[in-house]
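Each chain, written out:
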Amino acid sequence: AQSVTQLGSHVSVSEGALVLLRCNYSSSVPPYLFWYVQYPNQGLQLLLKYTTGATLVKGINGFEAEFKKSETSFHLTKPSAHMSDAAEYFCAVSDQPGGYQKVTFGTGTKLQVIP
Amino acid sequence: GAGVSQTPSNKVTEKGKYVELRCDPISGHTALYWYRQSLGQGPEFLIYFQGTGAADDSGLPNDRFFAVRPEGSVSTLKIQRTERGDSAVYLCASSLSPGLAGADGGTQYFGPGTRLLVL
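First to last, the sequence lines map onto chains A and B. Per our numbering, the very first residue in the first sequence carries number 1; after that it's consecutive. Per our numbering, the very first residue in the second sequence carries number 1; after that it's consecutive.
Among these hints, one or two may not hold up.
Stated by the list, open to error - Ranges of calculated distance between the beta carbons of each label pair, as one might list FRET restraints:
1. Thr76(B) to Gln96(A): 18 to 28 angstroms
2. Gly3(B) to Gln112(A): 38 to 48 angstroms
3. Leu20(A) to Glu83(B): 15 to 25 angstroms
4. Glu20(B) to Leu20(A): 26 to 36 angstroms
5. Gly3(B) to Thr77(A): 24 to 34 angstroms
Said to hold, decoys possible - Under the rule of at most 35 angstroms between Cα atoms (straight-line distance), these lysine-lysine pairs were calculated in the DSBU-like manner:
6. Lys15(B) to Lys102(A)
7. Lys15(B) to Lys58(A)
8. Lys110(A) to Lys78(B)
Claimed, not checked - Okay, the calculated bits of chain A under chain B, using three or more residues with CB under 8 angstroms as the criterion:
9. 44 to 53
10. 104 to 115
Simulated from the structure, these hints should not be mistaken for laboratory data. Where a beta carbon is used, it is the ideal one built from N, C-alpha and C, also for glycine.
Turn these sequences into a full structure, and let the hints guide you.
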């Protein structure tokens with residue numbers, strides 16, 4: 001079974017400050033890891049994903065995440081927050097039981113950016 | 001191009017009624033997923049279609065829930081005898097290929113969801 005834990009349901013940062021959203025996973029097989037963003041009244045959008053290879057993954061809008069197997073973590077960071085980053089962020093893990101992605105999501109972290 | 005669309009965007013119904021939720025995937029996407037997102041929670045997997053067939057329906061909570069995709073494109077999620085606990089946002093996603101090794105890396109594109117409220 002796989003699961004995801006996101007620490008902090010709400011995170012507030014000042015505009016221009018570092019964004020750090022925490023995610024820890026549990027998986028019985030090598031994990032595939034994702035971060036999605038959900039803006040109000042919009043669908044989930046993929047920010048970035050880790051499958052294999054380089055453990056530092058770069059995504060859209062200046063976000064990146066690092067896969068750390070020893071810590072079972074996949075934290076999301078952005079050096080400088082922008083007002084437009086205010087949204088809800090979901091960490092997710094998947095395996096591929098039959099060649100398709102069965103994705104398990106965390107409970108989400110709402111990011112507030114303070115001007 | 002057009003993304004995944006879902007109709008209706010909002011649905012209010014009474015306990016015990018039957019509802020249908022529709023998903024129009026991106027044209028050409030063979031894989032289609034349904035998720036349910038309850039308040040304060042992340043999306044939970046319900047069912048996966050590859051083409052017309054439901055390859056994995058292990059996430060459907062009980063036999064009141066059923067989904068079809070008769071022509072391998074549009075999908076309908078059907079809920080019988082609705083209960084207040086069914087209130088949630090129902091999300092649909094599609095992907096060009098199902099697996100991470102396939103075209104587009106199996107990226108799932110999500111629709112805006114249908115917000116279902118059972119009174």
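Hints, one by one, checked against the model:
Here the CB-CB span from Thr76(B) to Gln96(A) is close to 26 angstroms, well matched to the stated 18 to 28 angstroms. Checked against the hint of 38 to 48 angstroms, the pair Gly3(B) and Gln112(A) fails, with Cβ atoms roughly 27 angstroms apart. Distance hint for Leu20(A) and Glu83(B): a CB-CB separation of about 40 angstroms, inconsistent with the stated range 15 to 25 angstroms. The given range of 26 to 36 angstroms is broken by Glu20(B) and Leu20(A), whose C-beta atoms sit roughly 42 angstroms from each other.
Gly3(B) and Thr77(A) have their C-beta atoms about 28 angstroms apart, which keeps the hinted 24 to 34 angstroms range intact. With a C-alpha separation of about 31 angstroms, the suggested pair Lys15(B) and Lys102(A) falls inside the 35 angstroms cut-off, and the hint holds. A distance of roughly 46 angstroms separates the Cα atoms of Lys15(B) and Lys58(A); the hinted pair therefore is violated under the 35 angstroms criterion. Proximity of Lys110(A) to Lys78(B) is assessed by CA-CA distance (about 31 angstroms); at most 35 angstroms being required, the pair is judged to hold.
Here the segment 44 to 53 of chain A counts 5 residues with a CB under 8 angstroms from a CB of chain B, which clears the bar of 3, and the coverage holds. Coverage of the segment 104 to 115 of chain A by chain B holds [criterion: at least 3 residues with CB-CB distance below 8 angstroms; count 5].
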